[in-house]
Structures are given as C-alpha cells and as structure tokens.
Amino acid sequence: MQYISTIIFLVLLVAGFGLFAKSLQKIYRNIRLGREIDRTDRKGERWETMARVAMGQSKMVKRPIAGVLHLFVYVGFIIINIELIEIIIDGIFGTHRFLFSIFGSGSYGFFTATLEVLALLVIIGVVLFFIRRNFYGVKRLTMKELFGWPKQDANWILIIEFALMMAFFTMNASDSILQMRGAEGFHQAGSFPISQMIFVPFLEIFSFDNGFLIFTERAAWWFHFVGILFFMNYLYYSKHLHIILAFPSTWFANLEKKGKFNNLESVTKEIKLMMDPNADPYAAPAEGEAEAPSKFGAEDVFDLNQVQLLNAYSCTECGRCTAVCPANITGKKLSPRLILMKTRDRLEEVGRNIDKNNGKFEDDGKKLLNDYITKEELWACTTCNACTEACPVLLDPLSIIFDMRRFLVMEQSAAPQELNLMMTNVENNAAPWQYNQADRLKWAND
Amino acid sequence: MDFNIKTMAEYAAEGKAPEVLFWVGCAGSFDDRAKKITKAFCKILNKIGVEFAVLGQEESCTGDPAKRAGNEFVFQMMALTNIEVLNAYEVKKIVTACPHCFNTLKNEYPSLGGHYEVLHHTQFLKNLMEEGRLKIEGGAFRGKKITFHDPCYLGRANNEYEAPRMLLEKLDAELVEMKRCKTNGLCCGAGGAQMFKEPEKGDKDVNIERTEEALSFEPKVIATGCPFCNTMLTDGVKHFNKNSEVAVKDIVELLAEAEDL
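The listed protein sequences derive, respectively, from chains B and S.
So for the first sequence, our numbering puts the first residue at 1; every next one is plus one.
So for the second sequence, our numbering puts the first residue at 1; every next one is plus one.
Keep in mind that the hints are not guaranteed to be accurate.
Covered by chain S, per the in silico footprint, the following chain B stretches (three or more residues, Cβ under 8 angstroms) [what the hints assert, rightly or not]:
| hint | region |
| --- | --- |
| 1 | 83-96 |
| 2 | 319-328 |
| 3 | 432-443 |
Partner residues are not named here, just some residues of chain S that face chain B (Cβ under 10 angstroms, in silico) [said to hold, decoys possible]:
| hint | residue |
| --- | --- |
| 4 | D64 |
| 5 | M77 |
| 6 | E84 |
| 7 | Y116 |
| 8 | E117 |
| 9 | E177 |
| 10 | C188 |
| 11 | G191 |
To be clear, the hints were calculated from the coordinates, so they are not data collected in a lab.
Backbone N, C-alpha and C define an ideal beta-carbon position, used for all residues, glycine too.
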C-alpha cells in the first residue's frame with residue numbers, strides 16, 4: 001500500500017512544481033516583451049536594497065499595525081516552508097517526521113515548537129487582516145477600484161493561509177495524541193506547545209479512537225501538502241505574486257534621485273544635430289550607431305521597459321501609493337495602484353494573445369493607452385513622487401505615467417491646450433509664459 | 001534694487017568669475033510675487049558680501065515644465081542651449097531659489113554634458129551660516145507660529161528636508177510641522193507642469209487640500225522654498241479668506257525681514 005501513496009505523492013509533487021515553473025516562465029516571457037533597460041550597475045547597493053526592503057521589510061514598518069501583522073505572516077510563511085522539506089522527505093520515503101532522526105530530540109522539539117508559535121502568529125495575522133480588510137474600513141482597501149477579483153483574491157489568500165495553518169495544527173494535535181498513546185508508527189518526536197494547549201484538548205473532547213486519529217493526521221498532512229502546491233500555483237493568478245517578485249523588483253529598483261527623470265538619448269542626438277551649423281542633415285547615420293526607437297514614449301506594454309512590467313506583476317495592490325497621491329486624495333481619476341494593475345491586466349491579455357497565436361502577438365486593436373489607462377488619469381499627475389515613496393517594494397508607477405505622457409505629447413501632440421501654449425512659450429520665449437527673453441533682468445531695476 | 005546686479009557677461013568682461021551663479025528661473029524673473037523672493041535673496045547675498053552673478057538675458061527656462069509634460073524635445077533644446085552658455089562661462093557653482101530649476105540642473109543636466117555643483121538657496125544659506133558668514137537674529141519672529149511646506153522637488157525628489165528647517169529655527173519662531181511633512185509631504189498641486197493648466201476634474205484642488213492642512217495649525221506664516229508652492233498656497237489662503245491673517249512667504253523673505261533688509 002505504501003508505494004501507492006508514494007506514487008500519488010510524487011505525481012502531485014512533480015505536477016505542482018512543474019505547473020508553477022510554467023507559470024513563472026510565462027511571466028518571464030511577458031516581462032521580456034518590454035524594452036530592455038540596464039539596471040545592473042551598483043550591484044552592491046542593489047543587493048543591500050533588496051536585503052533591506054524585501055527581506056528586512058524596512059518600508060512595511062512605516063504603518064506599524066499592518067507592518068507587524070505582515071511580519072507575522074511573512075516570517076511564519078518562510079519558516080513553515082522549511083517544514084515542506086520534511087513533508088517531501090516523509091512523502092517520498094514513507095517516514096514519519098524524518099528530521100527528528102537528524103536533529104535529535106532536543107533540537108527537533110525546539111524546531112517544531114518554533115513552527116507552532118509562528119503558525120499561531122500567522123493565524124492571528126490573517127484573521128486580523130481579514131477583519132481589517134472586510135469590516136474595519138481602511139479606505140485604501142475598500143476603494144471601488146478593488147471591487148471584483150482584486151477583493152476576492154485578497155480574501156482567498158487569507159482564507160487559504162488560514163486553512164493551511166489549521167491543517168498544520170490538526171496534524172500536529174492528532175499526531176501528538178497518537179504519540180502519547182504510543183500508537184504504532186508514531187514514535188515520540190517533536191514538541192507541540194500550541195497544539196497541546198489549544199487543539200489537543202479540543203480533540204480529546206470527542207475521545208476519538210486511534211484509527212480515526214491516524215486518518216485525521218494523514219488527511220491533514222495531505223491537505224497541508226496539496227494546499228501548499230495549490231497555493232503556489234494560485235500565485236500566478238493573484239496579487240500574491242509579490243512574495244516572489246518583490247525580490248527582483250527591489251533589486252532592479254531605480255537607485256537614482258527620485259527627481260531625476262531619464263533623458264532620451266535619441267532626442268539628444270537630434271537636437272545636437274539641429275544646433276550644429278556644420279551638420280549635414282541628410283547624412284546617413286554612422287555605422288554601428290543605434291537607430292532611433294520606433295516610438296517616443298509608451299503607448300502599449302511593449303513600449304514600457306522590462307522593470308516597469310516586472311513592477312506591474314509585483315504590485316500587491318495595497319494602495320499605499322493611491323492613499324498618498326494628491327490627485328487621488330482630491331477626487332481625481334488618477335490612482336497609481338490602478339496604473340500598475342491596468343498595466344498588468346493588459347500585459348496578461350497580450351500574453352494570452354501570444355499563447356493563442358502560436359507564440360506571436362496578433363494585433364487586437366487595443367492599447368494600454370485609452371483602452372486601459374485614460375488621458376485624464378495621465379494628466380492629473382503632479383510627478384510629486386509620493387507614490388514611489390510610499391511603495392513598500394519600491395515600485396515606480398510614476399515612470400509609467402511619465403512615459404505615457406511622452407507618447408501623448410511627442411507622438412500624438414495630444415497635450416491639453418494650455419500645456420501646448422506653455423510648451424510653445426518655452427520654445428519661443430525660453431519661459432513658460434509669454435514674456436520677452438530680453439526682459440529677464442527687468443526685476444533688478446524695478 | 002538699491003545695488004547693482006551683475007551678470008556673468010559683466011564678470012567675464014572684467015576677466016573675473018563670481019563665487020556663485022544665481023539661477024533666477026522664469027518665475028523668479030517674471031512672476032511679480034516670485035520677483036520679491038529673488039530680490040530678498042539678492043539682498044541677503046549682497047549684505048553678506050557674496051560675489052554672485054546672474055545670466056540675465058542669457059538665461060532660459062531649464063526645460064522642467066516641458067519635460068514633465070512629456071516634451072523631451074523642447075526640454076533638451078533648452079537644456080543643451082543652457083549648458084552651452086554655462087560651460088562657456090565655466091560655471092562651477094549654481095544656486096537657485098526654485099526647486100524645479102535646482103532638480104533639473106542638478107540631476108538631468110549632467111548626462112547632457114552639464115556638470116555643476118547645484119544648490120537650493122536654503123542649502124547655500126545653510127552652508128554660509130555654518131561657515132559663520134551668515135548670522136540670523138530672529139527678533140521679529142520670536143514665538144510666532146510658522147509651518148513649513150516641503151516642496152516635492154526639494155524634499156522627496158532630492159532628500160533635502162533639513163536645510164530649510166535649520167534656517168527657520170534660527171528665526172526663533174515656533175516651528176510647527178504639518179502631519180504630511182518631509183517624506184510624506186503633500187504636493188502643492190503645481191508640479192509636473194500642472195501649474196500651467198487647469199486641474200483635472202475632482203472634488204477639490206490640491207492646493208486647497210494642502211492649505212486647509214496648513215491653516216488648521218493657525219500659523220502666522222506658511223513658509224515655502226519654491227515660487228510655485230508659494231503661488232499655490234497664496235491662492236489657497238485667499239480661497240479661505242485668510243490672507244489678512246496668514247502670510248505665505250519664502251524662507252529668504254523671512255530671513256530678509258529678520259535682518260530688516
């Protein structure tokens with residue numbers, strides 16, 4: 001009989017990890033649809049930033065309540081995944097609590113006790129998160145833009161995490177009763193303070209026999225295992241991808257001063273040519289010279305760079321960016337969170353299109369601009385960088401807004417009329433207002 | 001002005017170079033309100049004896065509003081022209097009272113060939129104070145409530161929060177911080193070329209939201225370090241009919257007042 005469960009276990013294991021790898025591959029492929037960008041300089045600083053912000057959660061503590069609860073779930077999640085190693089070994093070899101034989105009773109007891117405490121913290125975390133999100137009315141979590149899938153998604157994540165932890169305790173509690181009773185195959189291994197305190201007494205009420213407890217322990221063990229595989233594969237469809245992508249996103253984050261917007265090199269070349277009286281406007285470009293990009297700015301996801309697309313996948317929709325956005329606060333349509341969510345939606349749509357058409361994108365008559373993100377949103381941004389400051393994983397919605405503005409202005413000449421006037425003034429009078437440059441020093445004689 | 005403002009061209013004609021170039025900016029040159037900030041800053045520099053020059057007619061817009069609006073062409077046209085002028089005068093050090101000029105000159109000009117030491121006027125004055133060249137007596141402001149509005153392009157964009165506060169503290173005033181200050185500061189609503197257009201439709205304007213917060217502390221003065229913030233908050237204060245009770249002033253104006261300049 002043992003070999004049947006081993007086979008089922010292996011099939012599930014391979015299928016689970018295989019599907020997950022496929023999802024990751026798809027994300028990788030989609031991200032690579034964007035323009036290349038070199039963000040591999042200052043490696044030391046990048047590792048440090050990732051360690052501090054993604055692993056060290058340095059920006060989560062800015063909001064202490066969410067920060068502490070998040071830390072519970074985060075640390076619990078990481079440590080409990082160590083337990084996955086034991087599950088895999090036990091599953092393949094049909095052993096019971098294999099790590100016990102390696103750790104010895106003292107260390108293993110400490111290990112299992114730690115897991116129990118962390119699992120309890122995870123439960124506390126997700127329950128409070130659930131209440132906070134659904135009943136407490138934190139504005140950024142109850143905004144209309146989250147209605148539908150984003151809200152359900154958030155709740156599913158919490159429910160799954162809760163169920164996984166409950167399965168973990170059910171398993172430990174029945175195991176520890178069986179160990180106490182000296183049931184066959186359940187040698188004394190581990191220490192389960194939380195189970196002993198809360199879950200064992202609950203089970204004892206029903207005075208189940210050994211057979212039922214063995215069944216319960218196994219069922220919970222399988223549930224926990226299958227649940228982890230399910231959860232892993234659910235990530236692809238969920239904002240919860242941030243648990244993985246927060247790491248590359250922080251590594252590739254913009255390390256420059258927030259006020260420094262990039263200068264388009266292709267434009268520099270044009271202007272220099274224009275300003276050089278000796279330049280031959282009809283000269284063929286020198287050999288090896290990079291050609292000008294086909295487009296200025298961004299109209300669709302293909303025109304965004306790969307880090308911006310990675311950002312779109314990494315966004316966990318917490319809305320801290322939107323909560324501090326001056327445009328959003330004053331009731332305008334712009335929401336930085338929605339900029340990232342829409343970019344992700346469009347990218348996913350493009351990805352599905354490619355899957356359907358044998359690896360090639362067929363024009364679907366849609367674009368990120370207008371079909372997803374409207375001009376009204378783009379023109380409401382004050383470029384104040386409050387959103388990028390607020391993001392706990394250093395995402396940059398502003399850069400997307402900015403690149404799309406560039407497309408509106410440089411490709412479509414579709415700026416609001418007053419801005420056209422301002423730009424003409426800058427061009428002709430060297431000031432945003434219609435004053436004569438010769439009058440620039442008049443103030444000195446007033 | 002009761003003293004002579006010299007241009008870079010005049011210095012060059014004398015075969016000399018000033019200690020620093022004062023980049024006046026479009027607002028500082030043309031906007032009636034901002035001109036007062038320009039003059040106050042010049043008076044302070046003149047009193048301390050800092051040798052400074054302006055570009056005068058040779059100065060152009062840095063290109064900031066065009067760039068943030070998305071027009072890289074116009075931005076770079078301005079930038080490359082300015083860089084040619086600045087490099088021709090071999091300018092090393094620039095000070096400006098406009099955080100937008102400051103940010104653009106400091107962060108966006110280098111990759112186009114313009115490398116200068118660029119300081120916001122509050123940073124420049126803070127340095128002078130630390131060197132002992134600038135002395136501030138706060139008599140006129142003792143005990144008066146002042147709140148400081150962080151300009152996004154000085155604060156979040158360039159991490160400068162201390163210089164303006166150090167100067168304000170020297171005024172012996174009672175400095176109160178708004179809830180949204182420093183890294184959490186709220187925009188005045190003018191950045192990203194919003195100054196030059198009507199805001200998008202919403203419940204209220206950003207400058208009204210910001211002014212409301214500032215006024216809730218019942219300050220005597222709302223201090224700013226940016227001509228655009230100054231305009232936006234002045235409008236906000238007028239909106240609430242508080243302009244007779246609350247003044248919106250640039251830090252250099254306060255310093256000049258303290259010195260009775």
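Quiz item: Do the numbers back the hint for S/D64, that is, is its least Cβ distance to chain B under 10 angstroms?
Solution: 9 angstroms, holds
Self-check item: Interface hint for S/G191, Cβ within 10 angstroms of any Cβ on chain B
Solution: 4 angstroms, holds
Practice problem: Three residues minimum, CB to CB under 8 angstroms: does the region 319-328 of chain B make the cut for coverage by chain S? Let me know. | Solution: holds (count 3)
Quiz prompt | Interface restraint verdict for S/E84 against chain B (beta-carbon cut-off 10 angstroms) | solution = Check passed: Cβ of S/E84 comes within 8 angstroms of chain B, closer than 10 angstroms.
Exercise. Closer than 10 angstroms between Cβ atoms is the bar; does S/C188 clear it against chain B? Give me holds or violated.
Key: 8 angstroms, holds
Practice problem: Count the residues of the region 83-96 of chain B whose CB lies closer than 8 angstroms to any CB of chain S, then report whether that count reaches three. | Solution: Answer violated; 0 residues pass the 8 angstroms Cβ test.
Quiz item: Under a C-beta cut-off of less than 8 angstroms, do 3 or more residues of the region 432-443 of chain B approach chain S closely enough to confirm the stated coverage?
Solution: As far as the region 432-443 of chain B goes, the hint holds, because 10 residues have Cβ atoms under 8 angstroms from chain S.
Exercise. Using 10 angstroms as the Cβ threshold, decide whether S/E117 counts as touching chain B.
Key: It is violated, given that the least Cβ distance between S/E117 and chain B is near 15 angstroms, above 10 angstroms.
Quiz item: Can we keep the S/Y116 interface hint, with Cβ of chain B closer than 10 angstroms?
Solution: Cβ of S/Y116 sits 15 angstroms from chain B, so the hint is violated.
Quiz item: Taking 10 angstroms as the limit, does the beta-carbon of S/M77 come near enough to a beta-carbon in chain B?
Solution: Hint on S/M77: holds, closest Cβ of chain B at ~6 angstroms, below 10 angstroms.
Quiz item: Holds or violated: is there a CB of chain B closer than 10 angstroms to the CB of S/E177?
Solution: Violated. Min distance 17 angstroms.
This entry does not satisfy hints 1, 7, 8 and 9, going by the numbered hints stated previously.
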